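Student: Okay, here's what each chain looks like letter by letter:
2 protein chains.
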Amino acid sequence: MNLPMDDIDRKILRAIQRDSARSMQDLGDLVGLSASACHRRLKSLEEKGYIAGYRAMLDRVRLGLSMQFFIEVSLVSQSDTTLEAFEKAVKTIPEVLECHLMAGQSDYILRVVCEDATAFERLHRDLVARLPGIARVHSNMSIREVKSFGGLPV
Amino acid sequence: MNLPMDDIDRKILRAIQRDSARSMQDLGDLVGLSASACHRRLKSLEEKGYIAGYRAMLDRVRLGLSMQFFIEVSLVSQSDTTLEAFEKAVKTIPEVLECHLMAGQSDYILRVVCEDATAFERLHRDLVARLPGIARVHSNMSIREVKSFGGLPV
DNA sequence: GAAAACATGCGCATCGGTGTACCGAGAGAA
DNA sequence: TTCTCTCGGTACACCGATGCGCATGTTTTC
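Protein chains in written order, with the UniProt record's numbering: chain A, 1 to 154; chain B, 1 to 154.
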């Protein structure tokens with residue numbers, strides 16, 4: 001069940017994390033297998049839990065969400081209740097795409113997106129107002145994505 | 001061509017960025033359309049460029065990549081040649097999932113993954129050795145993903 | 001070393017989903 | 001009103017996904 005993963009399995013994972021819309025025939029050709037054999041491998045990988053799901057990647061800029069920030073947040077305390085209250089609140093804000101509890105000087109790192117500077121000002125006020133226990137906020141704007149998600153190194 | 005996007009289109013985008021493996025029938029039921037009408041809408045959204053692609057999301061931890069870092073990098077200079085050399089090198093390192101050119105005190109933020117502490121030590125040395133022009137490196141480890149990617153707010 | 005048990009790939013058959021053609025309803029303009 | 005344009009529904013053809021049987025190769029066991 002665990003990790004008898006060979007080079008073909010890795011090839012399949014590499015291929016579908018870049019493009020999952022391929023047909024089994026194409027995927028099989030790519031990894032050197034017939035469509036049905038490839039299909040069996042893929043189903044097995046799904047059952048074993050290597051594949052968390054399938055998603056459409058939307059074009060952020062095309063949708064008008066041209067700005068992206070990494071916001072570092074420190075809280076006034078590290079007590080469980082403070083963390084839990086913050087985390088519960090952060091999940092309700094749709095502009096926050098990700099939130100990581102961090103080891104280091106900041107407690108959390110948030111990835112947020114918004115339309116423009118005006119929207120960011122509003123969002124920033126909104127965050128500070130709605131997220132409890134905030135001590136310090138540092139916003140870092142992404143100017144350009146030098147390397148965007150190319151997939152895990154499998 | 002541009003933005004005559006109505007509520008149904010947004011519903012479709014919201015649905016497929018969470019799960020793109022649904023059948024047209026299911027997707028249609030979800031947004032209140034027949035399968036064919038829904039299919040037409042989706043193709044139109046693809047043609048208009050709102051959908052960048054389809055991807056399988058792999059289970060990072062299941063694949064043994066249990067550690068995730070946000071690494072802040074400052075360079076010795078901001079000249080074009082320095083930036084270009086750094087960016088070219090960063091693209092060749094598979095553990096670097098993302099690299100953002102930033103506005104703020106750090107020049108770049110990298111998202112990297114690795115197996116364990118030993119692998120991180122190796123990776124850290126590797127980064128410093130292979131990336132040219134580095135002045136300062138700050139590694140921040142993600143302890144837990146409070147909110148993982150739930151999709152753009154469309 | 002032989003044979004059984006297992007793994008893995010291929011080809012084929014079947015079935016469901018995708019994609020298309022056609023029709024009708026509703027909105028807007030002349 | 002009438003023409004037209006847009007958009008959704010229905011019906012259907014066909015392609016691709018899914019499951020199965022068979023062949024081949026490999027490992028284990030006696």
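Since the hints were made in silico from the structure, they are not lab data. Since the model is a prediction, treat every value here as computed from it, not as a measurement. Careful: at least some of the hints might be erroneous.
Identical copies go unnamed one by one, so any copy, or any two together, can satisfy a pair.
As the list claims (entries may be wrong) - No farther apart than 27 Å at their CA atoms in a straight line, the calculated lysine-lysine pairs in the DSSO-like style are these:
{"id": "1", "residue 1": "K43", "residue 2": "K91"}
{"id": "2", "residue 1": "K48", "residue 2": "K88"}
{"id": "3", "residue 1": "K147", "residue 2": "K48"}
{"id": "4", "residue 1": "K11", "residue 2": "K88"}
{"id": "5", "residue 1": "K11", "residue 2": "K48"}
{"id": "6", "residue 1": "K43", "residue 2": "K88"}
{"id": "7", "residue 1": "K11", "residue 2": "K91"}
{"id": "8", "residue 1": "K88", "residue 2": "K147"}
{"id": "9", "residue 1": "K11", "residue 2": "K147"}
Student: For a quick check of understanding: which of the numbered hints are violated here, in increasing order?
Tutor: Failing hints, ascending: 1, 2, 6.
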